[in-house]
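Peer 1: The residues making up each chain are set out below.
2 protein chains.
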Amino acid sequence: MPDDFDPEALADVLTLIDDNLEDSLERLGSLLAIPSISTDPAHEGDCARAADWLMHELRELGFQASIRPTPGHPMVIGHHPGPGRHILFYGHYDVQPVDPLDLWSTDPFTPVIEDGPNGRCIRARGASDDKGQLMTFLEACRAWREVTGSLPGNLTVFFEGEEESGSPSLVPFMKDNADELRADLALICDTGLFADHTPGIVTQLRGLLGEEIVIRGPSKDLHSGMYGGAAMNPARVLVRILAGLHDDQGRVTLPGFYDGVEDLPPEIAAQWEALSFDPARFLGGVGLSTPAGEAGRSALEMIWSRPTCEINGLVSGYTGAGFKTVLPAEARAKVSFRLVPGQDPQAIRAALRAHVEAALPPDCTAEFHPHGASRAARMATDDPAFEAARQALGAEWDRPAAFVGCGGSIPIAGHFKTILDMDSMLIGFGRDDDQIHSPNEKYDLECFHKGIRSWARVLARIAG
Amino acid sequence: MPDDFDPEALADVLTLIDDNLEDSLERLGSLLAIPSISTDPAHEGDCARAADWLMHELRELGFQASIRPTPGHPMVIGHHPGPGRHILFYGHYDVQPVDPLDLWSTDPFTPVIEDGPNGRCIRARGASDDKGQLMTFLEACRAWREVTGSLPGNLTVFFEGEEESGSPSLVPFMKDNADELRADLALICDTGLFADHTPGIVTQLRGLLGEEIVIRGPSKDLHSGMYGGAAMNPARVLVRILAGLHDDQGRVTLPGFYDGVEDLPPEIAAQWEALSFDPARFLGGVGLSTPAGEAGRSALEMIWSRPTCEINGLVSGYTGAGFKTVLPAEARAKVSFRLVPGQDPQAIRAALRAHVEAALPPDCTAEFHPHGASRAARMATDDPAFEAARQALGAEWDRPAAFVGCGGSIPIAGHFKTILDMDSMLIGFGRDDDQIHSPNEKYDLECFHKGIRSWARVLARIAG
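From first to last, the protein sequence lines are chains W and Y. Counting from 1, one number per residue, gives the positions in the first sequence under UniProt numbering. Counting from 1, one number per residue, gives the positions in the second sequence under UniProt numbering.
Bound conformation, chain W alone (with noise of 0.2 Å):
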């Protein structure tokens, strides 16, 4: 925490970032209107554009900023050196794709500010995930700027394009350019609240592994009279190598997939349970009523602290209007585990091969195609920057901050850890419902006009 901190600098900041408030979510919009979707090949002169739109953004904060170029989607750099303890704030400027897009109300790339369920919102793919958050510190800094003349401190603002996308330039350009990035605390802003009104500090996060799966049959697609029942059928193979994937109970069956996995520590359990997390209101919201994850583990602990396996997508066949009788030439799945402390993503990827290949009948082979890895994290809470940043945001919300766990994955936790020993806190002001990787996706303005001064109040205590 700075000594100079000054209470009625920090009351002039928040004042005009409320007066500010139409502007900044113009810049907002401006951003999103970028189709800035890292995993198609046909966005990427889109990633291109989103980078260096926010080049430009925070050369105007005062940053000494550069696009840096990458073999997939370039990175966005600003430093701006100062006096104090070398903060480094992260974030994201690609986004999800949209399908299905007959499922949007609007264009996903023409944000709208409309009534949502939380009062007024705007609506665009990225408004919350994560270009609504990553410009609630950028406005932060922007107010800060406009009555001090100044940014606060050390600051390093560090954007990639490739985080929906499994971010593989990251770890080689870290890696490359560590003693750039390198910082005394990274800000990790691509996290919700815990509640509505109850800001969250995520102290754990599961680590993701993806992995595509191609089974091939028969050459070519076969008719089902002349061939069915002689010529092996890949679907069929592979809906049921991918049913092996559960047992009864919903545990994984992977030899091996809960070697280190540990149970909750008393205290964090206790920690939970005061958190009066409703499970039904959770499932409640997306139309669902019992928790489905292992038998015996509660809802939070399928969320936070145990971890999945998941089928993201599937295919084969004829998936068009009425029926074709077919029998596939291939098939395939995308599957994906969350990951907990312990786990290690390599060995995973191996045992999930390996539980295929020995699957294979005669005439089928396998091929794999790999999305990322990344391992989970247990933050650094001893850091004071944690209490300090708890105290800062239970001044701007109605209910104390609480350190929670999230489910998500954030593997730039883990990768600052690894790379950089450097150590994270994930802060960010999304909610439940914002549609995150799903259509209608929206952000909530309270959040961003909150979340901008949330930032303000966080940067005022911890940087400088």
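Everything labelled a hint here was simulated from the structure, so no lab data went into it. There may be inaccurate statements among the hints.
What the hints assert, rightly or not - Covered stretches of chain Y (chain W as the covering partner; in silico rule of three or more C-beta atoms under 8 Å from a C-beta of chain W): (1) 57-69; (2) 220-228; (3) 284-291; (4) 332-340; (5) 399-408.
From a predicted model like this one, the values you see are computed outputs, not experimental measurements. Ideal placement from N, C-alpha and C gives every residue a C-beta, glycine not left out.
Mind docking chain Y on chain W? Use the hints.
Peer 2: Only chain Y this time, still in chain W's reference frame:
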């Protein structure tokens, strides 16, 4: 067999067929250029065009022809009253969808004559199934008419346009027009040669039952980090349901599935044995080596006389390039069964639905879309027309014709029997490598040419 069978007239007809082959091919090309994909509503107009084209063709040949509307695609009927046994010829003018389009080497609806594996062939969707085949009959009629001034005997032609999409209008139409359609024998041209130069007359056909299954879970696609572990994934439910349809011996597990299914009678088994069918060659042509059906059955049994269960289509979640960590809101499968004599399609549909319903966890629902249900059929081989046709075919081809089974489902044969009490004789000239229902469908010019000549010979012996 007509008493006035005139070998000289037949010789003239055959010569004319040889001389006019180019014109015959041109007419086939015009029909193939119409993309009459019955399962796709976007091609409704094309189906109507194909029907219209055939009606005009029939009128040119001296039939009293008309388009007969149905709630789906129209029927085309032509009558030519005359002496002798009333013969009805059936074919279908609709074709399968063409996807995946990028696997076609030429446009599927721009027919081209090219060199194929068995000499020259015509390449287009529907070339073999069934436009090329039905045109063999019409071109035989044309030659007959040009030589003799009239068509032989008492002929009716009946074309439908929904064969590739479950024939929803067929049964009601046949019931409403039973008196008009009832003949003494039906000729159906929608099957293949038994071997490259060995014609076959099909004496048993499998039935077909299709069902689309939709499993729904959450009310929308979810983020697998936020909900993964706690939310039920319908793709996981679907693969378990589908994997449960076969046991380790390749048998279908639905209760009652094999009720009424009989082992092959020894005399049929002996006939089939004599055909010297080569499973290695049959499967090798499509990149396979091992018969994949029920343990302990021959490959011919697997494709002709044993029932099957196949996954024809599978789709859930994100299936595009790259990866998306989504928990899908729904998962869909198209499943079909090839049925043999003794099996009741409706009982099997009920058993399938019960299997699905019993496997549904909390929060998941199942929706079913039926796609056709036809029983298997055995033909009336004691009708002397079968032996007459066998001799006629043997005169045209290098080898005597064989009585064979057919793994495909030609529901019309069952409907002719059930609704009109009319027996069918199935004769066709397709080859195993015709790629029907697959990209790059073709029909060998040899099959087209000798197919026309074959019908001239068959008509000489059984019509008039």
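Peer 1: Would you mind marking each hint as holding or not holding in the structure?
Peer 2: Evaluated hints:
As drawn, the segment 57-69 of chain Y meets chain W at 0 residues by the rule of a beta-carbon pair under 8 Å; below three, the given contact is violated. With a cut-off of 8 Å between beta carbons, the segment 220-228 of chain Y has 9 residues touching chain W; three or more are needed, and the interface restraint holds. Counting residues of the segment 284-291 of chain Y whose beta carbon lies closer than 8 Å to any beta carbon of chain W gives 6, which meets the minimum of three for the stated coverage. For the segment 332-340 of chain Y, the stated coverage by chain W holds: 4 residues have a C-beta nearer than 8 Å to a C-beta of that chain, and at least 3 were required.
For the segment 399-408 of chain Y, the stated coverage by chain W is satisfied: 3 residues place a CB nearer than 8 Å to a CB of that chain, which reaches the threshold of 3.
Comparing the model with each numbered hint stated earlier shows that hint 1 is the single one that does not hold.
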